[in-house]
Amino acid sequence: MWLPAMFLIFGVLLGLMTNITVPDAYANYLSIAVLAALDTLFGGIRAQAERKFDQKIFVTGFFFNISLAAFLAFLGVQLGIDLYLAAIFAFGVRLFHNIAMIRRIYIEKWEKRKIKQEK
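Heads up: the sequence shown begins at 980 in this note's numbering, then just goes up one per residue.
Heads up, a few of these hints could be off.
[Said to hold, decoys possible] Just the calculated beta-carbon pair ranges, DEER-fashion: (1) Phe1075 with Val991: 35 to 41 Å; (2) Trp1089 with Gly1059: 48 to 54 Å; (3) Leu993 with Glu1090: 33 to 39 Å; (4) Trp1089 with Asn998: 37 to 43 Å; (5) Phe1042 with Ala1004: 18 to 24 Å; (6) Leu1054 with Lys1098: 21 to 27 Å; (7) Pro1002 with Ile1086: 40 to 46 Å; (8) Lys1098 with Phe986: 34 to 40 Å; (9) Val1056 with Lys1088: 42 to 48 Å; (10) Val991 with Arg1082: 28 to 34 Å; (11) Trp1089 with Phe1068: 28 to 34 Å; (12) Ile1078 with Ile1036: 18 to 24 Å; (13) Ala1004 with Lys1095: 17 to 23 Å; (14) Trp981 with Tyr1005: 18 to 24 Å.
[Stated by the list, open to error] Calculated cross-link-like contacts (lysine-lysine; reagent style DSSO-like; alpha-carbon spacing at most 30 Å): (15) Lys1031 with Lys1088; (16) Lys1093 with Lys1031; (17) Lys1031 with Lys1091; (18) Lys1035 with Lys1088; (19) Lys1031 with Lys1095; (20) Lys1098 with Lys1088.
FYI, nobody ran anything at the bench for these hints, they're computed from the structure.
This one's a predicted model, so the numbers in the text were calculated from it and none came from an experiment.
Beta carbons: idealized from backbone N, C-alpha and C, even for Gly.
Modelling step: build the complete structure from the supplied sequences, incorporating the hints.
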């Protein structure tokens, strides 16, 4: 479980140290890709915490999420509608839900360990 977190920190630090600018035309696609990656990462952490992690589901879910979100963004650009906002909203809701569930799982584990130590 520490490996995804380590690479997330590495990626953020690498991004902060480089001076790469993204053209405005691709900003929507990049925002969706980042949210899809974060959603997949925190979904994987949650699955690992629940002892349900499956690598095939993790990898295919990542590519499916990015493909669907990119398609929505592309379709929105073609139609002149901001459909990428739907993907951002969906990923944002799932991201906060996964973070809340991870927090609950680890709080419950911590409380169980604390009760065990008191006995």
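Going through the hints against the structure:
Checked against the hint of 35 to 41 Å, the C-beta distance between Phe1075 and Val991 comes to roughly 19 Å, which is inconsistent with it. Separation of Trp1089 from Gly1059 is about 50 Å and conforms to the stated range, judged on CB atoms against 48 to 54 Å. For Leu993 and Glu1090, the Cβ-Cβ distance of about 37 Å falls inside the hinted range of 33 to 39 Å, so the restraint holds. Checking the proposed 37 to 43 Å range against Trp1089 and Asn998 shows it holds: the Cβ atoms sit about 41 Å from each other.
Separated by about 23 Å at the C-beta atoms, Phe1042 and Ala1004 satisfy the suggested range of 18 to 24 Å. Distance hint check for Leu1054 and Lys1098: the Cβ-Cβ separation is about 58 Å, which falls outside the suggested range of 21 to 27 Å. Under the hint 40 to 46 Å, the C-beta atoms of Pro1002 and Ile1086, about 43 Å apart, fit the expected range. For Lys1098 and Phe986, the hinted distance range of 34 to 40 Å is satisfied, since their beta carbons lie about 38 Å from each other.
Take Val1056 and Lys1088: their Cβ atoms lie about 45 Å apart, and the range 42 to 48 Å holds. Between Val991 and Arg1082 the Cβ separation comes to about 20 Å, which falls outside the hinted range of 28 to 34 Å. Separated by about 32 Å at the C-beta atoms, Trp1089 and Phe1068 satisfy the suggested range of 28 to 34 Å. At roughly 19 Å, the beta-carbon separation of Ile1078 and Ile1036 lies within the given 18 to 24 Å, and the hint holds.
For the hinted restraint 17 to 23 Å between Ala1004 and Lys1095, the CB-CB distance of approximately 56 Å leaves it violated. Range check, Trp981 to Tyr1005: about 32 Å between beta-carbon atoms, so the 18 to 24 Å window is missed. Annotation: proposed proximity of Lys1031 to Lys1088 holds, straight-line Cα distance about 16 Å (limit 30 Å). Straight-line distance between C-alpha atoms of Lys1093 and Lys1031 comes to about 24 Å, which keeps the hinted pair within the 30 Å bound.
Only pairs whose Cα atoms come within 30 Å are accepted, and Lys1031 paired with Lys1091 is accepted, the gap being roughly 20 Å. Proposed proximity of Lys1035 and Lys1088 is supported: the alpha carbons are some 27 Å apart, at most 30 Å. For a cut-off of 30 Å, the pair hint linking Lys1031 to Lys1095 stands: about 24 Å separates their Cα positions. Only pairs whose Cα atoms come within 30 Å are accepted, and Lys1098 paired with Lys1088 is accepted, the gap being roughly 16 Å.
Going down the numbered hints, you'll see the structure goes against 1, 6, 10, 13, 14, while the others check out.
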